[in-house]
Amino acid sequence: MLTFLLRPVSILYLSSGLLVTAQFGGDFSPRMNQVSLTPSHIINRNVGLKVEGSSFTLDGFPFLIIAGTIHYFRVPREYWRDRLLKLKACGFNTVTTHIPWNLHEPRKGWFYLTANLDFTTFIAMASEVELWVILCPGPYIGSDLDLGGLPSWLLRDPKMKLRTTYRGFTKAVNHYFDKIIPMIVQLQYGKGGPIIAVQVENEYGSYRRDNRYMSYIKKVSAPFSFLHVYIFLSSFCYPILMTVYTASSLDGWGTAPHSVNSHLLMRDVHEMFNASFSLNFYMFHGGTNFGFMGGSASLDQYLPMVTSYDYGALLTENGERTTEYLAYQEFFSSSLGTNNNLNLNTWFLFLFLSQPISSVKPICMEELSVNQGNGQSYGYILYETVITTSGLLTTKNHVQDRGQVFLDENFLGIFDRSTDQLTIPKKMVYNNNPTLRILVENQGRLAYGQDINKERKGITGDIYLNKSPLRNFKIHSLDMKTKFIQRDLPNIWKPAVFKHRGPAFFLGILRIGNDPRDTFIKMEGWTKGVIFINGKNLGRYWNIGPQETFYLPGPWLRPGSNEVRSPLHLLHPSPLRLAFALQRVRT
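Counting with mature numbering (1 follows the signal peptide of the UniProt record, and there is no 0), you get residues -17 to -1, 1 to 570 for the letters of the sequence shown.
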């Protein structure tokens, strides 16, 4: 039985038109062996991707889109060509990729378009290996990213209405599109580039807040309507483009890992091709939620997403071919190490804090006066206030997402979405006036759904002690940027001990030979935090699982000494161990 995953309210610009949604009807079967329909073979670019009857055509020839999604920002730049070549070798003719606004413009007006965010180079590489490109530039892309790829600084506006025609949102979108659209247009089919279609927005039907919004999106993205504009509403005389055909779902922390029924998937693909469906595998190669890019889901409960973005893809997280890859390659072709342990040093967070922000009331991440007025996007935020009495501490769910609570350096407990009360013992306060500290972690903003406008992080309202709101806070922004992590602190690193239970930073040196290889890290005895290698943020980890090992790309290592830093752990009186292996460790 086939499951249809259409995108009824995204706008898909073809290289000769505009597709809103389409459904298949008819018995035309486009050729799957389309060797001549590649970027280097098509010289005359007058006719792009079109809909003719019940089929797509490219340059006037019947064309079946066989696409796979690869997110350039989830794959080290050094591996882009390798992953694209493997996509081509498997039998695909098109790569789909998304452009995350929040990564490219993390601060208002500050654009990052180089290194791992150089999407124009990624697109050029796709053309070089004879792949077409379907590009999804947003503004909202979903993709299981923090806030669905929207920048968190939008939420500094307390009246913000995301994905609507609210002036504050459209003004920001206009500025973003003014920057990236000229870059994209130069790579379109009609100008000799590989981009045959552009999908603007994503899954608005599950969010729809403003009936005028899609008209606005159509207007602002007009430069993508290359030659002619076609708007197709649901009917039974147009080709199916299944924009998301997925093998699995993303795992969340504390859940059982999803499994893939490869036999069922292959049967579905056979049926789709028999019906002349075009399709996009999401994901062909998932990669990794490096740093804090991963978002969260809200189904029955809030679910932060794991660091690995495996997604049941045809390539593993480190780019190895799976048995499913080989099976699809055969189908399409017929149609078309060692462990290393670290000695750790540590320094404790509370002893080495930077200058705080003072505020009578708590301030959430997005509204902090940091980052040149753009607020804080990711990481942690520490709130401190002096208390004079013991009693019941209540958050009323104003701690988003997870708060470690301390009295001076003494650990009290955890605030999260299921726990909003803690008791402060009288003996810890008596005649002492201790400092209450709440270290709050942003576990990832919602990537989907109606509640993304509410996604402020940190302490988002009053915290109460015996029904009285706490006041006079000192607030420390701990965004875990490379500059913060790599501070030169030679005098404060000390051999790791396990009696202290405050949040701490750990430093170790990994020594390797002259040929760094892709590596997986197994976190034995660790609880929750993030890990950096030579200043690169590998992402979050958590001992509740299901993910137990973490991908470290070989190009991020160097011969000799490599710095391993892991910040903000609650120490336990037990040994910690980092194990490094050349293959993923499965338990």
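Read the hints as simulated data drawn from the structure, not as lab findings. It should be emphasised that the depicted structure is a prediction, and the values quoted were computed from it without experimental measurement. Virtual Cβ for every residue (Gly too), placed ideally from N, Cα, C. Among these hints, one or two may not hold up.
Stated by the list, open to error - Simulated restraints, written as ranges between beta carbons of each label pair:
{"no.": "1", "residue 1": "Val353", "residue 2": "Asp391", "range": "24 to 30 Å"}
{"no.": "2", "residue 1": "Thr104", "residue 2": "Ser281", "range": "32 to 38 Å"}
{"no.": "3", "residue 1": "Thr510", "residue 2": "Ser316", "range": "43 to 49 Å"}
{"no.": "4", "residue 1": "Gly151", "residue 2": "Ala107", "range": "32 to 38 Å"}
{"no.": "5", "residue 1": "Thr104", "residue 2": "Arg191", "range": "32 to 38 Å"}
{"no.": "6", "residue 1": "Lys466", "residue 2": "Thr510", "range": "23 to 29 Å"}
{"no.": "7", "residue 1": "Asp391", "residue 2": "Gly496", "range": "42 to 48 Å"}
{"no.": "8", "residue 1": "Gly43", "residue 2": "Pro240", "range": "15 to 21 Å"}
{"no.": "9", "residue 1": "Ser281", "residue 2": "Ala239", "range": "37 to 43 Å"}
{"no.": "10", "residue 1": "Lys450", "residue 2": "Asn194", "range": "40 to 46 Å"}
{"no.": "11", "residue 1": "Asn194", "residue 2": "Lys410", "range": "16 to 22 Å"}
{"no.": "12", "residue 1": "Thr97", "residue 2": "Arg500", "range": "22 to 28 Å"}
{"no.": "13", "residue 1": "Gly151", "residue 2": "Arg454", "range": "38 to 44 Å"}
{"no.": "14", "residue 1": "Leu309", "residue 2": "Glu111", "range": "22 to 28 Å"}
Said to hold, decoys possible - Derived EDC-like pairs: lysine to aspartate or glutamate, alpha-carbon spacing no greater than 16 Å straight-line:
{"no.": "15", "residue 1": "Lys71", "residue 2": "Glu313"}
{"no.": "16", "residue 1": "Lys201", "residue 2": "Asp161"}
{"no.": "17", "residue 1": "Lys379", "residue 2": "Glu307"}
{"no.": "18", "residue 1": "Lys71", "residue 2": "Glu113"}
{"no.": "19", "residue 1": "Lys142", "residue 2": "Glu350"}
{"no.": "20", "residue 1": "Lys201", "residue 2": "Glu186"}
{"no.": "21", "residue 1": "Lys519", "residue 2": "Glu61"}
{"no.": "22", "residue 1": "Lys144", "residue 2": "Asp193"}
{"no.": "23", "residue 1": "Lys410", "residue 2": "Asp391"}
{"no.": "24", "residue 1": "Lys379", "residue 2": "Asp399"}
{"no.": "25", "residue 1": "Lys91", "residue 2": "Asp161"}
{"no.": "26", "residue 1": "Lys464", "residue 2": "Asp434"}
{"no.": "27", "residue 1": "Lys511", "residue 2": "Glu367"}
{"no.": "28", "residue 1": "Lys91", "residue 2": "Asp403"}
{"no.": "29", "residue 1": "Lys410", "residue 2": "Asp399"}
{"no.": "30", "residue 1": "Lys344", "residue 2": "Glu367"}
{"no.": "31", "residue 1": "Lys409", "residue 2": "Asp434"}
{"no.": "32", "residue 1": "Lys466", "residue 2": "Glu546"}
{"no.": "33", "residue 1": "Lys511", "residue 2": "Asp399"}
{"no.": "34", "residue 1": "Lys457", "residue 2": "Glu367"}
{"no.": "35", "residue 1": "Lys202", "residue 2": "Asp161"}
{"no.": "36", "residue 1": "Lys409", "residue 2": "Asp384"}
{"no.": "37", "residue 1": "Lys437", "residue 2": "Glu61"}
{"no.": "38", "residue 1": "Lys511", "residue 2": "Glu531"}
{"no.": "39", "residue 1": "Lys457", "residue 2": "Glu546"}
{"no.": "40", "residue 1": "Lys144", "residue 2": "Glu531"}
Worksheet item: Using the C-beta atoms of Gly43 and Pro240, is the stated range 15 to 21 Å upheld?
Response: Between Gly43 and Pro240, where Cβ atoms are some 46 Å apart, the hint is violated.
Worksheet entry | Lys201 paired with Glu186 [C-alpha distance capped at 16 Å] | Status holds; Cα separation ~15 Å.
Practice prompt. Starting from Lys71, check that the Cα of Glu313 is at most 16 Å away, please.
Written response: holds (13 Å)
Fill in: Restraint status (C-alpha distance of Lys91 to Asp161 at most 16 Å)
This hinted pair holds, its Cα atoms lying about 13 Å apart.
Discussion item. Tell me if the straight-line CA distance from Lys409 to Asp434 falls inside 16 Å.
Written reply: Violated - the C-alpha atoms of Asp434 and Lys409 are around 39 Å apart, more than 16 Å.
Worksheet item: Taking 16 Å as the top limit, are the C-alpha atoms of Lys437 and Glu61 close enough?
Response: violated (37 Å)
Worksheet item: Is Lys457 within 16 Å of Glu546, Cα to Cα?
Response: The given pair, whose Cα atoms are some 31 Å apart, is violated under the 16 Å limit.
Item to complete: For Thr104 and Ser281, compare the CB-CB distance with the range 32 to 38 Å and indicate the outcome.
Response: With Cβ atoms ~35 Å apart, the hint holds.
Practice prompt. Could you tell me whether the CB distance from Asp391 to Gly496 stays inside 42 to 48 Å?
Written response: holds (45 Å)
Discussion item. Does Asp391 sit within 16 Å of Lys410, going by the straight-line distance between their CA atoms?
Written reply: Holds - the C-alpha atoms of Asp391 and Lys410 are around 13 Å apart, at most 16 Å.
Fill in: 16 Å Cα cutoff - pair Lys379, Glu307
Outside the cut-off at roughly 47 Å; violated.
Worksheet item: Does Asp161 lie within 16 Å of Lys201 when you go C-alpha to C-alpha?
Response: Holds: Lys201 and Asp161 sit about 14 Å apart, inside 16 Å.
Checked against the numbered hints given earlier, the structure breaks hints 8, 9, 11, 13, 17, 26, 27, 28, 29, 31, 36, 37, 39 and 40 and satisfies all the rest.
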